[in-house]
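Colleague: Those protein sequence lines, which keep their order, are chains A and B.
Position one of the first sequence corresponds to residue 1289 (this note's numbering), numbered consecutively onward.
Position one of the second sequence corresponds to residue 19 (this note's numbering), numbered consecutively onward.
These are computed hints drawn from the structure, not numbers from a lab.
Where a beta carbon is used, it is the ideal one built from N, C-alpha and C, also for glycine.
Mixed in with the good hints there might be a few duds.
As the list claims (entries may be wrong) - In silico BS3-like pairs for lysine-lysine, Cα to Cα no more than 27 angstroms straight-line:
hint, chain 1, residue 1, chain 2, residue 2
1, B, Lys79, B, Lys97
2, B, Lys79, B, Lys159
3, B, Lys144, B, Lys109
4, B, Lys159, A, Lys1451
5, A, Lys1451, B, Lys144
6, B, Lys79, B, Lys55
7, B, Lys159, A, Lys1344
8, B, Lys159, B, Lys55
9, A, Lys1344, B, Lys109
10, B, Lys55, A, Lys1451
11, B, Lys144, B, Lys79
12, A, Lys1450, B, Lys144
13, B, Lys109, B, Lys97
14, B, Lys144, B, Lys159
15, A, Lys1296, B, Lys55
16, B, Lys55, B, Lys109
17, B, Lys109, B, Lys159
18, B, Lys159, A, Lys1450
19, A, Lys1344, B, Lys79
Unchecked claim - Partial pick of chain B residues on the chain A-facing surface, computed with a CB cut under 7 angstroms:
hint, residue
20, Leu76
21, Gly77
22, Glu141
23, Tyr180
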Amino acid sequence: MTGRKGAKPTPRRRGNAVEIPPGAYPVFGAADAAQLMSALRNPTIAANVARVIESKADEMRAAALAHIDRLNAAAQLADIGAIFEQAHEIRGLAGNAGLAATGRIANGLCRYLDAVGRAHLDAERSLVTLHLEAIARAAHAEDEATRLGDTVANELANLVEKKLAEINLSARR
Amino acid sequence: MAPTARHGKHAKAGCWDPVAKGLGWGTMSGATFGYLKALVVEDNVHMRTLLRSLLTALGMKHVYEAANGTDAFELLREKRPDLVLSDLTMKPMDGIAFTRQVRLSENSPNPYVPIIMITGHTERHKVEAARDAGVTEFLAKPITAQNLFLRIAEVVERPRPYVRCAEYFGPDRRRRTEEDYGGPRRRHDDFGNDMETK
Chain A
1289 MTGRKGAKPT PRRRGNAVEI PPGAYPVFGA ADAAQLMSAL RNPTIAANVA RVIESKADEM
1349 RAAALAHIDR LNAAAQLADI GAIFEQAHEI RGLAGNAGLA ATGRIANGLC RYLDAVGRAH
1409 LDAERSLVTL HLEAIARAAH AEDEATRLGD TVANELANLV EKKLAEINLS ARR
Chain B
19 MAPTARHGKH AKAGCWDPVA KGLGWGTMSG ATFGYLKALV VEDNVHMRTL LRSLLTALGM
79 KHVYEAANGT DAFELLREKR PDLVLSDLTM KPMDGIAFTR QVRLSENSPN PYVPIIMITG
139 HTERHKVEAA RDAGVTEFLA KPITAQNLFL RIAEVVERPR PYVRCAEYFG PDRRRRTEED
199 YGGPRRRHDD FGNDMETK
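Let the sequences and hints guide you as you build the complete structure.
Modeller: If you want it as structure tokens, here you go:
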């Protein structure tokens, strides 16, 4: 793995740093690694894992939709911190909930809110509202990816990129 | 491998002696695959359950769960997992602070434990902070069997050297050497294992 074959790996100095090679610190033993790699390469196990992911999709979708309700409640209170938190939960769940476009839109909202927060700016209400409406519509669309979601997600992503560029520019001045 | 007189309580005192921390030298728990232990750190109960189910489907019988970094550190001390899967954004302690504590705290039971950080749609500055805290690998959402397996395989098959310097302790952050790269080498340490640096 590292060093000469048969030689026990030992830490060594590299400039101002010390490099500690695998084996000089605890790593997976050969037997563990072989068994684990065998499991990782087993198509039956891979299929089982894929089935587990698929079987959880409805649960993830229900959870994502519940967070959308909380997102809208946070918006009613104009609570930007809570809006970010809920949008973050949605983007985390969406991919495994079959709501890819919803996740992308929620991600755009998070990126925007993160950027304005770091720049100590106020979020534009209209941009936040656009995202909230798009998230709700995309998540409830029958075929969210093809009918509505992707197009809207792309448009909003472009808008967010422009806003981020403006924020970066103003931060440099 | 069992500890010898050169290691463990007979080794020179130092906060990075894994044997003194109850670990074998050179390998992890020494148990067979079925006894390997994983820790899932995720504040979202649905995602946490999913990750636990995936590791169980993979054949891991000992999967522990924590909802934040604080609880995870306690479980790390108590259960001594061989692998950690952690979310990035959590409260009160997020994945970055948790990783930093695992790597740097004198109370850390295993500063070398592989930490796979689950990201996805995540702000770049947070991913960079996680890398600089000492994360081993990143697993992007949505979680797929292939991505999960690839990341686990990476830490099992190709463990990275750890680097300790004034500003950092954790897995080597440099890109791995491309074996089919035929271009010029640019730094003295590009020679990797061929060259000992005194």
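Colleague: Next, verify each hint and record whether it holds.
Modeller: Hints, verified against the model:
1. Taking the CA atoms of Lys79 of chain B and Lys97 of chain B, the gap is about 13 angstroms. The hint holds against a cut of 27 angstroms.
2. Under the criterion of a C-alpha separation no larger than 27 angstroms, the hint pairing Lys79 of chain B with Lys159 of chain B is consistent with the structure, at around 24 angstroms.
3. Proposed proximity of Lys144 of chain B and Lys109 of chain B is supported: the alpha carbons are some 15 angstroms apart, at most 27 angstroms.
4. Proximity of Lys159 of chain B to Lys1451 of chain A is assessed by CA-CA distance (about 25 angstroms); at most 27 angstroms being required, the pair is judged to hold.
5. Under the criterion of a C-alpha separation no larger than 27 angstroms, the hint pairing Lys1451 of chain A with Lys144 of chain B is consistent with the structure, at around 20 angstroms.
6. For the proposed pair Lys79 of chain B and Lys55 of chain B, the alpha carbon gap of about 7 angstroms is at most 27 angstroms, so the pair holds.
7. Using a Cα cut-off of 27 angstroms, the hinted pair Lys159 of chain B and Lys1344 of chain A holds, with the two alpha carbons roughly 14 angstroms apart.
8. At roughly 23 angstroms between alpha-carbon atoms, Lys159 of chain B and Lys55 of chain B fall within 27 angstroms of each other, so this suggested pair holds.
9. Proposed proximity of Lys1344 of chain A and Lys109 of chain B is supported: the alpha carbons are some 25 angstroms apart, at most 27 angstroms.
10. For the given pair, Lys55 of chain B sits about 45 angstroms from Lys1451 of chain A by alpha-carbon distance, which is inconsistent with the 27 angstroms threshold.
11. Proposed proximity of Lys144 of chain B and Lys79 of chain B is contradicted: the alpha carbons are some 32 angstroms apart, above 27 angstroms.
12. A threshold of 27 angstroms between alpha carbons decides the hint, and for Lys1450 of chain A with Lys144 of chain B the separation of about 21 angstroms falls inside it, so the pair holds.
13. Taking the CA atoms of Lys109 of chain B and Lys97 of chain B, the gap is about 22 angstroms. The hint holds against a cut of 27 angstroms.
14. A C-alpha spacing of about 15 angstroms is found between Lys144 of chain B and Lys159 of chain B, which places the hinted pair at or below 27 angstroms, so the restraint holds.
15. Of the pairs offered as hints, the one joining Lys1296 of chain A and Lys55 of chain B holds, with about 26 angstroms between alpha carbons and a cut-off of 27 angstroms not exceeded.
16. Straight-line distance between C-alpha atoms of Lys55 of chain B and Lys109 of chain B comes to about 24 angstroms, which keeps the hinted pair within the 27 angstroms bound.
17. For a cut-off of 27 angstroms, the pair hint linking Lys109 of chain B to Lys159 of chain B stands: about 20 angstroms separates their Cα positions.
18. Among the hinted pairs, Lys159 of chain B with Lys1450 of chain A is consistent with the structure: their alpha-carbon atoms are about 25 angstroms apart, no more than 27 angstroms.
19. Pair hint Lys1344 of chain A plus Lys79 of chain B holds up; C-alpha atoms about 20 angstroms apart against a cutoff of 27 angstroms.
20. Proximity of Leu76 of chain B to chain A holds as hinted, the smallest CB-CB distance being about 6 angstroms (cut-off 7 angstroms).
21. Using the Cβ-Cβ criterion of 7 angstroms, the hint placing Gly77 of chain B at the interface with chain A is satisfied: the shortest such distance is roughly 5 angstroms.
22. About 5 angstroms separates the beta-carbon of Glu141 of chain B from the nearest beta-carbon of chain A, less than 7 angstroms, and the hint is met.
23. Look at Tyr180 of chain B: its Cβ gets to within about 4 angstroms of chain A, closer than 7 angstroms, so that hint holds up.
Hints 10, 11, counting from the list given before, are not met by this structure.
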